[in-house]
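Student: This is what each chain is made of:
There are 2 protein chains.
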Amino acid sequence: MFLLESGDDIVVVDCGVGFPEEEQPGIDLVLPDITYLKKRRDRIRGLFLTHGHEDHIGAIAYHLPELRVPVYGTKLTLGLVKVKLEESGYLHQADLRELDPDTNATYGAGVFRFEPFRVTHSIPDAVGFAISTPAGLIVHTGDFKLDPTPIDDRRVDFTKLERFAKQGVRLLVSDCVHIETPGVTPSERVVGETYDDIFGQTEGRIVIATFASLIARIQQIIDVAEKHGRRVATLGRSLEKNVAMALELGYLSDPTNRLIDGREGSFLPDNEIVFVVTGAQGEPMAVLSRIANGDHRDVEIGPGDTVIVSATPIPGNETSVHRIINQLFERGAEVIYGQRARVHVSGHGSAGELATMLTTLMPRDVVPFHGEARHTALYRDMALEQGFEHEQIHIAAIGRAIEITADDVKTGDKVDAGYVYVDGITVGAVGDVVVRDRRALAQEGILMVIVVVDRDTGQIVAGPEIATRGFVHAKESADLIERAKEHLRDSIGDGSHYATADWNYLSRQLRDTASTFFHRETRRRPMILPMVMEV
Amino acid sequence: MFLLESGDDIVVVDCGVGFPEEEQPGIDLVLPDITYLKKRRDRIRGLFLTHGHEDHIGAIAYHLPELRVPVYGTKLTLGLVKVKLEESGYLHQADLRELDPDTNATYGAGVFRFEPFRVTHSIPDAVGFAISTPAGLIVHTGDFKLDPTPIDDRRVDFTKLERFAKQGVRLLVSDCVHIETPGVTPSERVVGETYDDIFGQTEGRIVIATFASLIARIQQIIDVAEKHGRRVATLGRSLEKNVAMALELGYLSDPTNRLIDGREGSFLPDNEIVFVVTGAQGEPMAVLSRIANGDHRDVEIGPGDTVIVSATPIPGNETSVHRIINQLFERGAEVIYGQRARVHVSGHGSAGELATMLTTLMPRDVVPFHGEARHTALYRDMALEQGFEHEQIHIAAIGRAIEITADDVKTGDKVDAGYVYVDGITVGAVGDVVVRDRRALAQEGILMVIVVVDRDTGQIVAGPEIATRGFVHAKESADLIERAKEHLRDSIGDGSHYATADWNYLSRQLRDTASTFFHRETRRRPMILPMVMEV
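Same order as they appear, the protein sequences are chains A and B. Here the working numbering is used: position 251 in the first sequence is 251, and no number is missing along the way. Here the working numbering is used: position 41 in the second sequence is 41, and no number is missing along the way.
Don't read these hints as lab results, they were simulated from the structure. Among these hints, one or two may not hold up.
[Said to hold, decoys possible] Taking lysine-lysine pairs in the BS3-like style, the calculated list, with each CA pair at most 27 Å apart, reads:
1. Lys39(B) to Lys475(B)
2. Lys475(B) to Lys38(A)
3. Lys38(A) to Lys82(A)
4. Lys475(B) to Lys166(B)
5. Lys475(A) to Lys485(A)
6. Lys38(B) to Lys475(A)
7. Lys39(B) to Lys160(B)
8. Lys38(B) to Lys82(B)
9. Lys38(B) to Lys414(B)
10. Lys475(A) to Lys39(B)
11. Lys241(A) to Lys75(A)
12. Lys39(A) to Lys485(B)
Keep in mind it's a predicted model, so treat the numbers as computed, not measured.
For reference, chain A alone in the conformation it holds in the complex (with noise of 0.2 Å):
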């Protein structure tokens, strides 16, 4: 999420979603913290989409309800928003505004206007932006990198490029997440080459799995089918609905039918059939999964068959991946993943592209953008390298705002930004705090300590009573609980020393003495809950 604000105007661009890492268990999605825009609701004049991936779109079916602007973006972009916004129920409450990167058309929001250009990425109908602002024509490239070969045959569209470069860039805000790589990243069109060759060697059923929003990899896979014969079924809700609605708009074709209801593929001979499923970055509740688990309804993989994994793993869920790979090689099935065949291509520009952008717009001044620290820094040595100054070269801090004028940009103030987590059902109600519960939870277990004291005289009348979870097995631990028991016992006596009505040192007391006892038997340090009840 990006934001722009100038005197009474805010226009934002994307709305996307994060995925929880590693040390964020049991949170199913990560959403911008819009408390800034909450706050400032009546001055917003738009949301700019740059295209239709989640980690761009995602959060709008949580915060649109909330900030109720117009969203502007491709016609795809938005097919992709109408699915969100049709399952949360919005849809009808929603303003949105088709964007056409075709023509010069621009669009006014406030003081600014949004002049959207075509770039490639690994979805359809992407766009970068570029803002006249007070303080100049800013350009924010969005996700890209230069594919000379498009699936769909659009390319970056360079002739635009070359007029704001002409009319004066003031700053650019560029894509910068596949700095890393040398050189250019492959054409989508690689990955069609590699099915090919798949294909004419398979005689089985072939499973694809890949993502919901790749759009062209499916209009690749339903043209390589009908090369070889075979018919597509797609498997996994998310992906069937994106499915219906590329058709609907145009963005996939399929002239000869390739296309068939997911359920039906299950009836046709091994090999006039491929199915494609969701699930290539492990996710243990889709389709991929649970056809490796051998507990798909439908699909059925032994030897003979083909399962091609399309995607590289999002750092943190290499494991995941390479458990469902492992269990698809134990039922007997040829297994393509990226390190065996390109099977996947980054939809971000390498260093060499990267690069390009920047030379072609020269702007005035540079923030990469979307990337980690590792990304930014290289893209500064990059720019350095292609002849701008350090002082040219601004990095971005999440909620640390940057001032921009005709003349100077500098860091401004910090505003509230971050993250709020979906669980469940919740928005927001699981926090850091409960996260990092979550986390020493599973490092070290929990053991609660129960006293039952009566009221009046102090006196404890029951327990030490003691449970744990995900500390020790507490049958085979038996007798370290009973000596945990008869320690507390003895170090805390009777009770009735303490005072009454106010149970906080007899708890602390517990918790210490539970803590130092446990320590010192097994060197580990479970969370300690004391619990005093009264009678």
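Start from chain A and add chain B according to the hints.
Tutor: Showing chain B alone in chain A's frame:
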């Protein structure tokens, strides 16, 4: 850990540790389960070690006191074992026997006879074994690559391999973990060349993070440091001990006294020092992580300094390694890691090298070993391409015996095998149940429901009280918790209708009622722990 058994004789090859995966939270180490060996202790004739890496010798300190068998290894391998046994206090009781791979010496152990042969790996003094058995000659490669220019100039002993081949190899047990990479793995030598380039361009401090057991890597650092006029300071206990031992045994050579004490390094000018540190896998307590956090006592890193992360993250460690790299960039340091330059090469042979080993030995049968299902499956494909038949290739599984005679290989019985966990100072106290609980706690948190009942009347005299961690924030969700208590009171009543003495039914009622309530309210299922206290 690999066992050979014939009649009354058992021999063991290697005894290493595994590292806990994401789904084994809180676990420090994973040891092989030696139940099978403990029951047959008087039949074990020896433990033969291929090389000194943790995943091959790391469990010796835990298991040797129970097994009490002679341990065979080359000089450096035994040196590393001694460091471990000294720490655990078992060294004086250990029977360590040095292997000489440079003669044709063989070592008898029951009906078996071991002949070690040199292989190259990312540690010096690595060997494989040719083992004479009643079924014929078994060759176990250990971990290997075919490095033409190893740092210690000791190449793979093809003379011996050809002699074994002539003699006839009944079974090859081969490394296979790097089979996904085609061709050959680069020589360790290229890492030294990269170091040389980096040292030549750096004026500031240099920090190199690597593994404590990569003795050859440390030799390269000493050599390059000498060339560029820097001293080498090691930081990290395991590293310091291993370096001292390797120097003493002559596996590290430091003719110009480059090596200095870690703390001394901090007093030298920036361009005269290189720090070698532990923590290249992102271990949170290791030196690299502390430097990145800015809380290492002796080493501060900033602009002008260069940090080399000379390792590839083990799958599952990517996020922690990336976090450290980001932190170092944020401090202004230049960070060189695998995606940027060749600062690490694998110690394992790629597909071409594995094929060379296979076709040099031309065994009658082959078992790919030490890999996951994807590795053994790809090794099988490679062997098929080399002209082997399906029935010559045997995929082993942990705990599943392979029965081999002069004429036949078949899958045998299942035996006790698997792993035990080290957690704190306890071995085996934390089992799968506890680890499963930890995972559940991390996903959804825990909720305790406590009531106090009168043991005579069964009446509830206090509670239900609720305590929770890792589920919702108790204070922010006070209303939810209050409603839950009310709902529990309404559902359970005053308790007088429950049978006294046996509170199982009441416990179950508490758990089920709370579970249903919270799932309805939050769509989540925290672990629920009911406690009934009697007064």
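Student: Hints numbered earlier in the text: which of these fail when held up against the supplied structure?
Tutor: Those not satisfied are hints 1, 4, 7, 12.
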